[in-house]
Amino acid sequence: GAVVSQHPSWVICKSGTSVKIECRSLDFQATTMFWYRQFPKQSLMLMATSNEGSKATYEQGVEKDKFLINHASLTLSTLTVTSAHPEDSSFYICSARADSVEAFFGQGTRLTVV
Amino acid sequence: GENVEQHPSTLSVQEGDSAVIKCTYSDSASNYFPWYKQELGKRPQLIIDIRSNVGEKKDQRIAVTLNKTAKHFSLHITETQPEDSAVYFCAASKFPRAGGTSYGKLTFGQGTILTVHP
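Protein chains in written order, with my numbering: chain A, 1 to 114; chain B, 1001 to 1118.
One chain only, chain A, in its complex shape (with noise of 0.2 Å):
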């Protein structure tokens, strides 16, 4: 299958900084990608969908200033927590498609905010 990486695995950083979150399809041309959160024990709660070149649409109740999502290339997404809490603390995963019905997952970044 496709190869989607995402970095940091784990980061830690301190309430008030902010904090950014990569997303790569390594072999394929990703046209879309969806950025999740995962609290322990919990499903996987889709935060925002990201097309190439245009903005990212939010899920209800998510705070688009808060994360920030950035679809620059068809390779590149990023998720930015700005001003980062201890309740952001959490497992964030991305996921990316082409043009098949299958996602492919990226590792997930655990975030603990202190």
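There could be a bad hint or two in this list.
[Unchecked claim] BS3-like cross-link-like pairs, simulated, lysine-lysine; straight-line CA separation at most 30 Å: (1) B/Lys1058 - B/Lys1022; (2) B/Lys1068 - B/Lys1058; (3) B/Lys1058 - B/Lys1037; (4) B/Lys1057 - B/Lys1068; (5) B/Lys1058 - A/Lys66; (6) A/Lys66 - A/Lys41; (7) A/Lys14 - A/Lys55; (8) B/Lys1037 - B/Lys1071; (9) A/Lys14 - A/Lys64; (10) B/Lys1022 - A/Lys20; (11) B/Lys1068 - B/Lys1022; (12) B/Lys1042 - A/Lys14; (13) B/Lys1068 - A/Lys14; (14) B/Lys1071 - B/Lys1057; (15) B/Lys1037 - B/Lys1022; (16) B/Lys1042 - A/Lys55; (17) A/Lys55 - A/Lys20; (18) B/Lys1042 - B/Lys1057; (19) A/Lys41 - B/Lys1042; (20) A/Lys41 - A/Lys20; (21) B/Lys1057 - B/Lys1022; (22) B/Lys1058 - B/Lys1071; (23) A/Lys14 - A/Lys41; (24) A/Lys20 - A/Lys64; (25) B/Lys1037 - B/Lys1057; (26) B/Lys1037 - A/Lys41; (27) B/Lys1042 - A/Lys64; (28) B/Lys1022 - A/Lys41; (29) A/Lys41 - B/Lys1058; (30) B/Lys1068 - B/Lys1037; (31) B/Lys1071 - A/Lys20; (32) B/Lys1042 - B/Lys1058; (33) B/Lys1042 - B/Lys1022; (34) B/Lys1068 - A/Lys66; (35) A/Lys14 - A/Lys66; (36) A/Lys66 - A/Lys20.
Calculated directly from the structure, the hints in this document are not laboratory data.
On the provided structure of chain A, position chain B as indicated by the hints.
This is chain B only, laid out in the frame that chain A set:
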């Protein structure tokens, strides 16, 4: 929007037994239903998927059935092994392009913690 309900939340079986996990969905336009296995702290791995034009699909010990009328689909694992222990998620999505912002996004069920005892 789509809503996916998954049951049971936990499932404990003996090695060699079968395991069945069930999901229901609300949006009759959904036409793609993947199942994922997720181990602790790792990415979800696609284990099997089914499209709405098919009623059943099998891959070795894993099978999925779909009832479009009732809007439910199930995962069946036979001859379970300890390494099958993980969290399993069902999901629903719409393909081909449905227009708007719903194209290709997955709505996940709540997950099932499967434990296979040796």
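Okay, the hints, checked on the actual structure:
Proposed proximity of lysine 1058 of chain B and lysine 1022 of chain B is supported: the alpha carbons are some 16 Å apart, at most 30 Å. Of the pairs offered as hints, the one joining lysine 1068 of chain B and lysine 1058 of chain B holds, with about 18 Å between alpha carbons and a cut-off of 30 Å not exceeded. The straight-line distance between the Cα atoms of lysine 1058 of chain B and lysine 1037 of chain B is roughly 16 Å, inside the 30 Å bound, and the hint therefore holds. Between lysine 1057 of chain B and lysine 1068 of chain B the alpha-carbon distance is near 14 Å, which keeps this suggested pair within the 30 Å criterion.
Between lysine 1058 of chain B and lysine 66 of chain A the alpha-carbon distance is near 43 Å, which puts this suggested pair outside the 30 Å criterion. Under the criterion of a C-alpha separation no larger than 30 Å, the hint pairing lysine 66 of chain A with lysine 41 of chain A is consistent with the structure, at around 24 Å. Using a Cα cut-off of 30 Å, the hinted pair lysine 14 of chain A and lysine 55 of chain A holds, with the two alpha carbons roughly 28 Å apart. Pair hint lysine 1037 of chain B plus lysine 1071 of chain B holds up; C-alpha atoms about 22 Å apart against a cutoff of 30 Å.
With a C-alpha separation of about 21 Å, the suggested pair lysine 14 of chain A and lysine 64 of chain A falls inside the 30 Å cut-off, and the hint holds. A threshold of 30 Å between alpha carbons decides the hint, and for lysine 1022 of chain B with lysine 20 of chain A the separation of about 37 Å lies outside it, so the pair is violated. A threshold of 30 Å between alpha carbons decides the hint, and for lysine 1068 of chain B with lysine 1022 of chain B the separation of about 14 Å falls inside it, so the pair holds. Under the criterion of a C-alpha separation no larger than 30 Å, the hint pairing lysine 1042 of chain B with lysine 14 of chain A is consistent with the structure, at around 24 Å.
Distance hint between lysine 1068 of chain B and lysine 14 of chain A is unfulfilled; the C-alpha atoms sit about 48 Å from each other, more than 30 Å. A C-alpha spacing of about 16 Å is found between lysine 1071 of chain B and lysine 1057 of chain B, which places the hinted pair at or below 30 Å, so the restraint holds. With a C-alpha separation of about 14 Å, the suggested pair lysine 1037 of chain B and lysine 1022 of chain B falls inside the 30 Å cut-off, and the hint holds. Simply put, lysine 1042 of chain B and lysine 55 of chain A have alpha-carbon atoms about 28 Å apart, close enough for the 30 Å limit, and the pair holds.
Annotation: proposed proximity of lysine 55 of chain A to lysine 20 of chain A holds, straight-line Cα distance about 17 Å (limit 30 Å). Distance check on the hinted pair: lysine 1042 of chain B and lysine 1057 of chain B sit about 26 Å apart at the alpha-carbon level, within 30 Å; holds. Of the pairs offered as hints, the one joining lysine 41 of chain A and lysine 1042 of chain B holds, with about 13 Å between alpha carbons and a cut-off of 30 Å not exceeded. Of the supplied pair hints, the one linking lysine 41 of chain A and lysine 20 of chain A holds, its CA atoms being roughly 24 Å apart against a limit of 30 Å.
For the hint pairing lysine 1057 of chain B with lysine 1022 of chain B, the CA-to-CA distance comes to about 15 Å; that is within 30 Å, so the pair holds. A distance of roughly 19 Å separates the Cα atoms of lysine 1058 of chain B and lysine 1071 of chain B; the hinted pair therefore holds under the 30 Å criterion. A C-alpha spacing of about 24 Å is found between lysine 14 of chain A and lysine 41 of chain A, which places the hinted pair at or below 30 Å, so the restraint holds. Proposed proximity of lysine 20 of chain A and lysine 64 of chain A is supported: the alpha carbons are some 14 Å apart, at most 30 Å.
Between the alpha carbons of lysine 1037 of chain B and lysine 1057 of chain B the distance comes to roughly 17 Å, so the proposed pair stays at or under 30 Å and holds. Taking the CA atoms of lysine 1037 of chain B and lysine 41 of chain A, the gap is near 14 Å; set against the 30 Å cutoff, the hint holds. Proposed proximity of lysine 1042 of chain B and lysine 64 of chain A is supported: the alpha carbons are some 26 Å apart, at most 30 Å. Pair hint lysine 1022 of chain B plus lysine 41 of chain A holds up; C-alpha atoms about 18 Å apart against a cutoff of 30 Å.
About 28 Å separates the Cα atoms of lysine 41 of chain A and lysine 1058 of chain B, which keeps this hinted pair within 30 Å; it holds. Of the pairs offered as hints, the one joining lysine 1068 of chain B and lysine 1037 of chain B holds, with about 23 Å between alpha carbons and a cut-off of 30 Å not exceeded. About 39 Å separates the Cα atoms of lysine 1071 of chain B and lysine 20 of chain A, which puts this hinted pair outside 30 Å; it is violated. For the hint pairing lysine 1042 of chain B with lysine 1058 of chain B, the CA-to-CA distance comes to about 25 Å; that is within 30 Å, so the pair holds.
This hinted pair checks out: lysine 1042 of chain B and lysine 1022 of chain B have alpha carbons roughly 23 Å apart, not beyond 30 Å. At roughly 39 Å between alpha-carbon atoms, lysine 1068 of chain B and lysine 66 of chain A are farther apart than 30 Å, so this suggested pair is violated. A distance of roughly 16 Å separates the Cα atoms of lysine 14 of chain A and lysine 66 of chain A; the hinted pair therefore holds under the 30 Å criterion. With a C-alpha separation of about 12 Å, the suggested pair lysine 66 of chain A and lysine 20 of chain A falls inside the 30 Å cut-off, and the hint holds.
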